[in-house]
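S.K.: Residues per chain, in single letters:
There are 2 protein chains.
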Amino acid sequence: MSAADLMAVLFSGYLRYDFDAPENSANDHLVFSKGHASPLLYSLYKAAGAIDDAELLTFREFGSRLQGHPTPEIPWVDVATGSLGQGLPIAVGIALAAAKLESSELRVWTLCGDSELAEGSMWEAFEQAGYNGLDNLIAVVDVNRLGQRGPTMHGWDTAQLAARAAACEWHVQEIDGHDLEAIDAAYATALAADRPAVIFARTKKGSGVAAVEDKENQHGKPLADPEAAIEELGGIRSLSVAVQAPPAPKPFEIARAEVERPSYEVGEKVATRGAYGDALAWLGSIDEKVVALDGEVGNSTYAERFAAKHPDRFFEMYIAEQQMVASAIGMQTRGWKPFASSFGAFLSRAYDFVRMGAISAADLKLCGSHVGVSIGPDGPSQMALEDIASLRAVLGSVVLYPSDPNQTVALLDAMREHEGISYLRSTREALPTLYESGEQFRIGGSRTVRSSDADAVTLIGAGITLHECLAAAEQLAGKGIAARVIDLYSVKPVDTEAIVKAANETGAIVTVEDHWAEGGIGEVVATVLADAGIATKLKRLAVTERPGSGPPAALLAAAGIDAESIVAAVGSLAVLQAN
Amino acid sequence: MSAADLMAVLFSGYLRYDFDAPENSANDHLVFSKGHASPLLYSLYKAAGAIDDAELLTFREFGSRLQGHPTPEIPWVDVATGSLGQGLPIAVGIALAAAKLESSELRVWTLCGDSELAEGSMWEAFEQAGYNGLDNLIAVVDVNRLGQRGPTMHGWDTAQLAARAAACEWHVQEIDGHDLEAIDAAYATALAADRPAVIFARTKKGSGVAAVEDKENQHGKPLADPEAAIEELGGIRSLSVAVQAPPAPKPFEIARAEVERPSYEVGEKVATRGAYGDALAWLGSIDEKVVALDGEVGNSTYAERFAAKHPDRFFEMYIAEQQMVASAIGMQTRGWKPFASSFGAFLSRAYDFVRMGAISAADLKLCGSHVGVSIGPDGPSQMALEDIASLRAVLGSVVLYPSDPNQTVALLDAMREHEGISYLRSTREALPTLYESGEQFRIGGSRTVRSSDADAVTLIGAGITLHECLAAAEQLAGKGIAARVIDLYSVKPVDTEAIVKAANETGAIVTVEDHWAEGGIGEVVATVLADAGIATKLKRLAVTERPGSGPPAALLAAAGIDAESIVAAVGSLAVLQAN
Numbered sequence: 001m002s003a004a005d006l007m008a009v010l011f012s013g014y015l016r017y018d019f020d021a022p023e024n025s026a027n028d029h030l031v032f033s034k035g036h037a038s039p040l041l042y043s044l045y046k047a048a049g050a051i052d053d054a055e056l057l058t059f060r061e062f063g064s065r066l067q068g069h070p071t072p073e074i075p076w077v078d079v080a081t082g083s084l085g086q087g088l089p090i091a092v093g094i095a096l097a098a099a100k101l102e103s104s105e106l107r108v109w110t111l112c113g114d115s116e117l118a119e120g121s122m123w124e125a126f127e128q129a130g131y132n133g134l135d136n137l138i139a140v141v142d143v144n145r146l147g148q149r150g151p152t153m154h155g156w157d158t159a160q161l162a163a164r165a166a167a168c169e170w171h172v173q174e175i176d177g178h179d180l181e182a183i184d185a186a187y188a189t190a191l192a193a194d195r196p197a198v199i200f201a202r203t204k205k206g207s208g209v210a211a212v213e214d215k216e217n218q219h220g221k222p223l224a225d226p227e228a229a230i231e232e233l234g235g236i237r238s239l240s241v242a243v244q245a246p247p248a249p250k251p252f253e254i255a256r257a258e259v260e261r262p263s264y265e266v267g268e269k270v271a272t273r274g275a276y277g278d279a280l281a282w283l284g285s286i287d288e289k290v291v292a293l294d295g296e297v298g299n300s301t302y303a304e305r306f307a308a309k310h311p312d313r314f315f316e317m318y319i320a321e322q323q324m325v326a327s328a329i330g331m332q333t334r335g336w337k338p339f340a341s342s343f344g345a346f347l348s349r350a351y352d353f354v355r356m357g358a359i360s361a362a363d364l365k366l367c368g369s370h371v372g373v374s375i376g377p378d379g380p381s382q383m384a385l386e387d388i389a390s391l392r393a394v395l396g397s398v399v400l401y402p403s404d405p406n407q408t409v410a411l412l413d414a415m416r417e418h419e420g421i422s423y424l425r426s427t428r429e430a431l432p433t434l435y436e437s438g439e440q441f442r443i444g445g446s447r448t449v450r451s452s453d454a455d456a457v458t459l460i461g462a463g464i465t466l467h468e469c470l471a472a473a474e475q476l477a478g479k480g481i482a483a484r485v486i487d488l489y490s491v492k493p494v495d496t497e498a499i500v501k502a503a504n505e506t507g508a509i510v511t512v513e514d515h516w517a518e519g520g521i522g523e524v525v526a527t528v529l530a531d532a533g534i535a536t537k538l539k540r541l542a543v544t545e546r547p548g549s550g551p552p553a554a555l556l557a558a559a560g561i562d563a564e565s566i567v568a569a570v571g572s573l574a575v576l577q578a579n
Numbered sequence: 001m002s003a004a005d006l007m008a009v010l011f012s013g014y015l016r017y018d019f020d021a022p023e024n025s026a027n028d029h030l031v032f033s034k035g036h037a038s039p040l041l042y043s044l045y046k047a048a049g050a051i052d053d054a055e056l057l058t059f060r061e062f063g064s065r066l067q068g069h070p071t072p073e074i075p076w077v078d079v080a081t082g083s084l085g086q087g088l089p090i091a092v093g094i095a096l097a098a099a100k101l102e103s104s105e106l107r108v109w110t111l112c113g114d115s116e117l118a119e120g121s122m123w124e125a126f127e128q129a130g131y132n133g134l135d136n137l138i139a140v141v142d143v144n145r146l147g148q149r150g151p152t153m154h155g156w157d158t159a160q161l162a163a164r165a166a167a168c169e170w171h172v173q174e175i176d177g178h179d180l181e182a183i184d185a186a187y188a189t190a191l192a193a194d195r196p197a198v199i200f201a202r203t204k205k206g207s208g209v210a211a212v213e214d215k216e217n218q219h220g221k222p223l224a225d226p227e228a229a230i231e232e233l234g235g236i237r238s239l240s241v242a243v244q245a246p247p248a249p250k251p252f253e254i255a256r257a258e259v260e261r262p263s264y265e266v267g268e269k270v271a272t273r274g275a276y277g278d279a280l281a282w283l284g285s286i287d288e289k290v291v292a293l294d295g296e297v298g299n300s301t302y303a304e305r306f307a308a309k310h311p312d313r314f315f316e317m318y319i320a321e322q323q324m325v326a327s328a329i330g331m332q333t334r335g336w337k338p339f340a341s342s343f344g345a346f347l348s349r350a351y352d353f354v355r356m357g358a359i360s361a362a363d364l365k366l367c368g369s370h371v372g373v374s375i376g377p378d379g380p381s382q383m384a385l386e387d388i389a390s391l392r393a394v395l396g397s398v399v400l401y402p403s404d405p406n407q408t409v410a411l412l413d414a415m416r417e418h419e420g421i422s423y424l425r426s427t428r429e430a431l432p433t434l435y436e437s438g439e440q441f442r443i444g445g446s447r448t449v450r451s452s453d454a455d456a457v458t459l460i461g462a463g464i465t466l467h468e469c470l471a472a473a474e475q476l477a478g479k480g481i482a483a484r485v486i487d488l489y490s491v492k493p494v495d496t497e498a499i500v501k502a503a504n505e506t507g508a509i510v511t512v513e514d515h516w517a518e519g520g521i522g523e524v525v526a527t528v529l530a531d532a533g534i535a536t537k538l539k540r541l542a543v544t545e546r547p548g549s550g551p552p553a554a555l556l557a558a559a560g561i562d563a564e565s566i567v568a569a570v571g572s573l574a575v576l577q578a579n
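Line by line, the protein sequences are chains A and B.
Numbering-wise (the working numbering), the first sequence opens with residue 1 and increments by one.
Numbering-wise (the working numbering), the second sequence opens with residue 1 and increments by one.
Here chain A stands alone, though its shape is the one from the complex (with noise of 0.2 Å):
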């Protein structure tokens, strides 16, 4: 109800936008970054004649799209809100993409919470919208200062939030938000500015019933006499507004380099985040919807090779991973493919974008560099050891390991025709390249690198552990025991019938990982197991205590994943020689 007279200034006079056609290019966008706002949006979209009585009575009830808060589900809504502080920045991802990859005429409006502005995520966005002048993009902040709990930080007194938004080089302005003429003078002041524009507007909580308007303790509760509001309100009506029809949508282009695909030799020795690198450029050039954003570490996650090639397709987001990720979910509502990389154990500051993007349905491919103890001298803050962990606890993901660069481009192509949120995870090191160029691979799949039919013990590894696993195998077959070595490289989905035809065959398992125990490589392969009532022989290496800093070598022995714990692991499972 606080937001009430500025949506619907905004929809009689501002908004493009045909309800008919949400498919269209040129529609404006209209994020409700205060997502508990929602019977507000779907009363709009009632007025708007997009939906009917009968629907929006299904508010919140099971089955009905209309829920608590806004999703996709809902064809006019771009992306799921609820979890405040990100509408606004996934705005500036919208807006990027209008502006900067397709110089469209739309418009991002935006409804923003004044609680959710203790968010920093928020002035991530601020800052980053200010450094791009995106004038494509407005703000209307509904200070009804009173959050879930009581009073804000700031109340009314938004000089304090404009001077910050000014000095993020954006146009502020602040309003009476009941006051329709001030509303729409400021819409039509925002939209001549050369820069973002941010409308502050003072409102009442509650605003129009007496019974519960600007006081505590309202906050998503109903109202006690409804009826009564009603008639408050000026009775029964059926409001409706005619929304302005964008204009036709402009063709633009898209600026292509060629690149050759990548192939490595066998044996060479390359890190899968310098293939990360060199594939991004490579599918660049195959895909123009490809887009690469870095959370200002391209020099070591590799995606400078993209932006070398691709310039007008790179978004250097500096170190604000919950822009770069924001950034990266709204220009996936346009159409493009966004691949966003940092350091893996960097991707956990936006954890919640990516739990939310999941609720959008969000196409977003995500690769993390510098995983595990194996970065070596840079110390525990810079190693991902839960990634595995908190990206397969996404619904619907795919957590990608790659052991080698070849298998790396292979597994970005495939990330790329892939819809949904996908991982794949890279290592710092240099290691020898395992298979041929043009080699295969599946998500979901896996390779037996190592095999005979004397295999005694099956070792699992990904990644850098693969190569563990390899060199003990060496090891092993000098005492004479046969291991099988399977590249786990598919996370999940992982290949469950190669984990039980490796049980069944061999009797015992041995998992290596550099990641911690919980979540990783060694619980999916016991949750194979156990799933298929197999009962083997099973230990599990990873991860175990705090890494310090030292040379790769001395981590992965200190941390018990090397080549020699895992022939250690071999020989405390009774593995029995052959002959």
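Any given hint could be a false lead.
Note that the list lumps identical chains together, so a pair holds whenever it fits in one copy or between two copies.
The list that follows gives simulated cross-link-like pairs (lysine-lysine, BS3-like), each with its CA atoms no further than 30 Å apart [to be verified]: (1) K269 - K221; (2) K501 - K537; (3) K250 - K100.
Please keep in mind that the hints were generated in silico from the structure rather than gathered at the bench.
Given the coordinates of chain A, work out where chain B should sit on it, guided by the hints.
M.R.: What follows is chain B alone, placed relative to chain A:
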């Protein structure tokens, strides 16, 4: 090298610290938010006489406490840094504790990088510190204009950053960071300010060595000619500095309110989130070190019940989960026992802070409420469905999921006593009390709540699904199938013995959880079985599709984790009836 002048003046004239007694509560704090400046920090320790040349030369070697980024393995380091944007927020927590809880005269100094000002978490910190008027906090920003891969957004133009900090009610200075007199004057002015103070110091990366000074592509790289650099800097010297001692510590008083230990009647319907609030208020009365923080949802997590009894030890962090966790980490460096709460879903916002907290060996107690689909109509954005997976994958963490309010009380007391990172997952819905008040529950335990000699299957749940398991067991009894029911309230560490015993005695297990299938209770149980080499019939019930809004019962049924689904799963396992 860019910040050497800044820190030299700090150590020689302003810092008050007894390096022989880091436990002295009157010592100032110094947080290197830009943890990659560790060579400078360690050199300062050498100059202060805290370490010697031999140790300094172990930098980044295996086993050395002088790691690539600082960690509290060094006694003068409070918290691990190296994930940018965390040091200042944690410093705010230290300053809050010192100012608001201890009335201490200590000062909290923080060296920040300019690149990390792109992290929204830094602006959560600026806002919180300004809002709380923390005049004991001084931030020094080393504006060397070059990030890891190139120029920062704003370069040496500090005006925008200064304006934003000023809007956050900070005292702001902009200086030449290589002008010793200007630095000295700025520190004196900052100390005299009646508010938090920030000094934006324009500096040159690699200052003093022409080969690298103010040049790109030198980040984190050793000098090509260190001998020439030493010569250029004035030759080999062994500078030492006498750091001022702190004043004598002052005693302080903590207000204590008497609160009875909460207890609930068996059968009484109480939500575990309510028990959280009740128990926390009680813990505050029996342990004066207990403090509570909440992310502006205290009327949902019920942290407000603590606030009502112990207002001086409650901190409203507004909707800024990163700052909430950072504040808690800061407070525990001074011996406080912080409990921080929000919706479990929103704690994902602070995941990187929890990750780094583990590297800091922080004593951090987290509570996430409103977990799982059973929250009902608010929809998926508010449902924590990945929290068990993500928080298990934190070094040394404890993950608890109580099923009953009396158990919640006991487990929170156990969390109070436990040192390390612990997480309690609480439920929105009011459910019947199962256990007598005063029953003992230990971290790492479980409770078999129903069993007989004839048990043909074991149902394992926790939280709301334990109640579904009990209902299913009743239904199964009607079909002549005796079911054991285990309350797996401690998901990490887990009661391996009880699971193995159940597998051996009942031959079939069904796990049920209001969480994604990945990394939760089902995988934990599967891993216990696989590790033990037990082949048993196993069915894991968990949430596997995107939920919507609706009544809790409908959502539990749709997810296949209600009593009827459990009964069906038992059927699918072909569990034999008795007789």
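S.K.: Hint by hint, say whether it matches the structure.
M.R.: Status of each hint after checking the structure:
no.: 1; hint: K269 - K221; result: between (62 Å within a copy, 22 Å between copies)
no.: 2; hint: K501 - K537; result: both (14 Å within a copy, 19 Å between copies)
no.: 3; hint: K250 - K100; result: within (14 Å within a copy, 58 Å between copies)
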